[in-house]
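Peer 1: Keeping their order, the protein sequence lines are chains A and B.
The numbering of the first sequence is this note's numbering, which starts it at -1 and goes up by one.
The numbering of the second sequence is this note's numbering, which starts it at -1 and goes up by one.
Careful, some of the hints might be misleading.
Since the list gives no way to pick one copy over another, a pair counts as held whenever it fits inside one copy or between any two copies.
Calculated lysine to any residue pairs in the SDA-like style (CA-CA distance at most 20 Å, straight line) [what the hints assert, rightly or not]:
| # | residue 1 | residue 2 |
| --- | --- | --- |
| 1 | 59 | 166 |
| 2 | 134 | 235 |
| 3 | 279 | 301 |
| 4 | 286 | 219 |
| 5 | 428 | 404 |
| 6 | 286 | 296 |
| 7 | 313 | 428 |
| 8 | 68 | 108 |
| 9 | 304 | 283 |
| 10 | 134 | 150 |
| 11 | 279 | 235 |
| 12 | 279 | 435 |
| 13 | 68 | 48 |
Hints are computed from structural coordinates only; laboratory data are not their basis.
Model, not experiment: these values are computed from the prediction.
The residues making up each chain are set out below.
There are 2 protein chains.
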Amino acid sequence: MTDEKKSLVITVVGLGYVGLPTALAFHEQGFTVIGVDNSSEKIEMLGAGVDPLVDATADNKIPINSPSWKVTTDYLAAIPESDIVIITVPTPTFPDKSPNLDYVRSASKSVLESLNLEGHTTVVLESTVYPGVTRKTFVELSDELGPTIGDIFDIAYCPERVSPGDAGRGVSSVARVVGSDNEQIGRMLADLYSTITDEGCQYVGGIEVAEAAKMVENVQRDIDIALSNELAIVLSQIGVDVEEVLAAADTKWNFHRHTPGIGVGGHCIPVDPYYYISLSKQVGHTSKLSIAAREMNESMPSEVIKDIMIHLGNKQLSSSKILLLGFSYKPEVGDIRETPARELGLLLSKSGADVLVWDPFVEDGGIPAELRNCNDPYQEDGMDMILLATAHNEIVNLDWEKMKEVCNYPLIYDGRRVLDREYFESKGWKFGGVGVPIFD
Amino acid sequence: MTDEKKSLVITVVGLGYVGLPTALAFHEQGFTVIGVDNSSEKIEMLGAGVDPLVDATADNKIPINSPSWKVTTDYLAAIPESDIVIITVPTPTFPDKSPNLDYVRSASKSVLESLNLEGHTTVVLESTVYPGVTRKTFVELSDELGPTIGDIFDIAYCPERVSPGDAGRGVSSVARVVGSDNEQIGRMLADLYSTITDEGCQYVGGIEVAEAAKMVENVQRDIDIALSNELAIVLSQIGVDVEEVLAAADTKWNFHRHTPGIGVGGHCIPVDPYYYISLSKQVGHTSKLSIAAREMNESMPSEVIKDIMIHLGNKQLSSSKILLLGFSYKPEVGDIRETPARELGLLLSKSGADVLVWDPFVEDGGIPAELRNCNDPYQEDGMDMILLATAHNEIVNLDWEKMKEVCNYPLIYDGRRVLDREYFESKGWKFGGVGVPIFD
Chain A
-1 MTDEKKSLVI
9 TVVGLGYVGL
19 PTALAFHEQG
29 FTVIGVDNSS
39 EKIEMLGAGV
49 DPLVDATADN
59 KIPINSPSWK
69 VTTDYLAAIP
79 ESDIVIITVP
89 TPTFPDKSPN
99 LDYVRSASKS
109 VLESLNLEGH
119 TTVVLESTVY
129 PGVTRKTFVE
139 LSDELGPTIG
149 DIFDIAYCPE
159 RVSPGDAGRG
169 VSSVARVVGS
179 DNEQIGRMLA
189 DLYSTITDEG
199 CQYVGGIEVA
209 EAAKMVENVQ
219 RDIDIALSNE
229 LAIVLSQIGV
239 DVEEVLAAAD
249 TKWNFHRHTP
259 GIGVGGHCIP
269 VDPYYYISLS
279 KQVGHTSKLS
289 IAAREMNESM
299 PSEVIKDIMI
309 HLGNKQLSSS
319 KILLLGFSYK
329 PEVGDIRETP
339 ARELGLLLSK
349 SGADVLVWDP
359 FVEDGGIPAE
369 LRNCNDPYQE
379 DGMDMILLAT
389 AHNEIVNLDW
399 EKMKEVCNYP
409 LIYDGRRVLD
419 REYFESKGWK
429 FGGVGVPIFD
Chain B
-1 MTDEKKSLVI
9 TVVGLGYVGL
19 PTALAFHEQG
29 FTVIGVDNSS
39 EKIEMLGAGV
49 DPLVDATADN
59 KIPINSPSWK
69 VTTDYLAAIP
79 ESDIVIITVP
89 TPTFPDKSPN
99 LDYVRSASKS
109 VLESLNLEGH
119 TTVVLESTVY
129 PGVTRKTFVE
139 LSDELGPTIG
149 DIFDIAYCPE
159 RVSPGDAGRG
169 VSSVARVVGS
179 DNEQIGRMLA
189 DLYSTITDEG
199 CQYVGGIEVA
209 EAAKMVENVQ
219 RDIDIALSNE
229 LAIVLSQIGV
239 DVEEVLAAAD
249 TKWNFHRHTP
259 GIGVGGHCIP
269 VDPYYYISLS
279 KQVGHTSKLS
289 IAAREMNESM
299 PSEVIKDIMI
309 HLGNKQLSSS
319 KILLLGFSYK
329 PEVGDIRETP
339 ARELGLLLSK
349 SGADVLVWDP
359 FVEDGGIPAE
369 LRNCNDPYQE
379 DGMDMILLAT
389 AHNEIVNLDW
399 EKMKEVCNYP
409 LIYDGRRVLD
419 REYFESKGWK
429 FGGVGVPIFD
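All chains, please: the whole structure from these sequences, using the hints.
Peer 2: Here you go:
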């Protein structure tokens, strides 16, 4: 990219797990970057040079003294002077699982209301949506607010693919795709994004192609994980450990291995399939696969509880004290969005169990009131079971000899299949886990 | 493997796509090999040095003059002198889709009836089954016929993974796994199989682990393909070409791309999921994923016909002449087991279309009587549509300019997404295909 292009002003709207590292990456490449977020608390923290995100693998250095870096809650202090506006706001689902596009609409509206009508701005949506949403959102807003697409502004879609907590899959190390009706703009954006990732960015054609690609990626992943969960349940019933089977199958050239567990969380995989299901219904071909996958993955907390009850034997859940290790939806982050550990903990608590939760990444407010917060797992006692829910390194590498001392009976349930079953059994633990046969 | 071990006598029961190349591979490695098959016709062909299989990529040289090679229909001429007996017989499904284990039972019975009771024989099943079948089959036969497992004979399971027609995935180039209750025998077999494949063979533990691995591989593949087929239908409805989306998604590190098509055929993928579904029902956790995948893949011929009718426009199917290119279930082989081209052709024919079929690999008897056999596609005329059903190289590389001359109207439907849409459109063809939007 030429120095002329590096004079571009880029605004990133929404400074979360995706937006903040994206803004920092463009700033590091020499662009002038403005970060916009509705949360004044977040903007204050950033203003003080503090990273508001909890991610053990992220190393977000906030360049508070840089002249080419600014953060604000005020769209008017950012959008009019921007060449490129990147929107990275959440796209959750409503309680009925229909897509909640409110954040996308409201951020897009604020951007359009603040556009410099004398210039040209390229607006890029990164939030996960289903095909057609980007176009519909901006066409409607354009009709309502005036600025015309192709004249005052152009639109594009470039799905984020960051995997928080996964050190190798940050903004700088994931391949990107960009879709735009305007090929020239699409190729310019591909060049632009290529400056912040080693894996390159490809222009793939229309907006809907890029939108669909992102949706499809997560739909596929949800189905992949659902199959491993289903296999865990079916195979354990015949005394076969699913992990041995998956390891054997994985020797085949075209097999892809996924690990079963207590469920799927986060902002993408439990959400995007509902976008796809919604789209498939609209076109009259309702996805049975994606519905089956969602049902399977969402049933995992209750499947795990059935399993746990067998492990506890004569001990009733209602008189059990259980230490839940980990609460966030994936290792090395504090993000608890859609975490299956919540439902697992709440179901146990509803059954009368006394549930203590230790998660070094989750802030105090993150643990529901029905569960008890634990600050130091070594200081507990009288546990009837230890239940590993999130495979933070700090949890996997606990001093398990010491942890035995907090147990009434050394029973561990590996909800993520990250512990070495043979090792634990050799050390006197009774070992259960997702897909571990109870009788074999 | 030591020369002493190479003195082993290996019998292969069932000389089909798997058994014959396996027998030849062991013979080539210096073992004494006996091939057994119930078909006297096949044994006669082999006796005359003729390969009875139709597979363009296979190069089976029959060593008729070798003293360490013998083929026979007589179990008693093979089993008593064998150290290892490998059973590779088909495992189809009954019309109600329940597993048909008749071939496995009957071959196993013939083997056990012929065992040398003074010696020790290792019996290896390679046929695809679901977990528990190998053990149950031999335990029942042992009870019935006398020879005891662990004494007169031992059992093991080593699933075949050959991909016929796929030059890179023959017996010598696929990784193998073997399961046996007897670890020593399991490891001996892993060594033995490692002599015939560059990719090695691993002992993976119990028989059921190896049985489940094979089942799971094909269950996963069926689901993978089903998702791409479902996406083809859903996305084409919104004017997006699924292949563009899959190409974009495929830039992500953990995406795995599969091509949509007219359906899934062959002896494994349309069959093994029913084994899994049957098992899942037995344990009280019926697989919704696998059922949804089967429904999706089995519905593809009728989905394709809906699509075709739109392409034909005012032309009724009942007055259309259609040239079906390819009939076998996959490229470069003549195998028509479970080929979706059969249902596609028959459905078209039932709707009154005149369907001509050209498949250079399929023998005359393979084409159902309701369809007409075509010996030379260039010699036909008056076609209303050309429908590519199997992507044999010979089909993909037809002289398409010449093919245009056999058409009333140059309309091509790519049922395998192997043709270059842009190229065909530039040459004046109207182009349809699985997942190609009709209006875009």
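Peer 1: Should residue 286 paired with residue 219 be assigned to within, between, both, or neither, using CA atoms and 20 Å as the limit?
Peer 2: both (15 Å within a copy, 17 Å between copies)
Peer 1: Given identical chains, is residue 304 near residue 283, meaning Cα to Cα at most 20 Å, within a copy, between copies, both, or neither?
Peer 2: between (34 Å within a copy, 13 Å between copies)
Peer 1: Is it within a copy, between copies, both, or neither that the alpha carbon of residue 279 lies no farther than 20 Å from that of residue 435?
Peer 2: This pair counts as between: shortest inter-copy Cα distance 18 Å, intra-copy 38 Å.
Peer 1: When no copy is named, should residue 286 and residue 296 be tagged within, between, both, or neither for a Cα gap of at most 20 Å?
Peer 2: both (15 Å within a copy, 14 Å between copies)
Peer 1: Evaluate residue 59 and residue 166 at a C-alpha cut-off of 20 Å and name the case that applies: within, between, both or neither.
Peer 2: within (18 Å within a copy, 49 Å between copies)
Peer 1: 20 Å Cα cut-off: does residue 134 pair with residue 235 within a copy, between copies, both or neither?
Peer 2: between (48 Å within a copy, 17 Å between copies)
Peer 1: Could you place residue 313 and residue 428 in one of the four classes (within, between, both, neither) given a Cα distance threshold of 20 Å?
Peer 2: within (14 Å within a copy, 70 Å between copies)
Peer 1: Up to 20 Å between alpha-carbons, please classify residue 68 paired with residue 108: within, between, both or neither.
Peer 2: Cα proximity of residue 68 and residue 108: one copy only (18 Å, versus 81 Å across).
Peer 1: Quick one: residue 428 to residue 404, C-alpha cut-off 20 Å, is that within a copy, between copies, both, or neither?
Peer 2: within (15 Å within a copy, 72 Å between copies)
Peer 1: Could you place residue 279 and residue 301 in one of the four classes (within, between, both, neither) given a Cα distance threshold of 20 Å?
Peer 2: between (28 Å within a copy, 17 Å between copies)
Peer 1: 20 Å Cα cut-off: does residue 134 pair with residue 150 within a copy, between copies, both or neither?
Peer 2: within (17 Å within a copy, 73 Å between copies)
Peer 1: State whether the alpha carbon distance between residue 279 and residue 235 is at most 20 Å within one copy, between copies, both, or neither.
Peer 2: Result: close only across copies, 11 Å inter versus 35 Å intra.
Violated hints for the displayed structure: none, as all numbered hints are satisfied.
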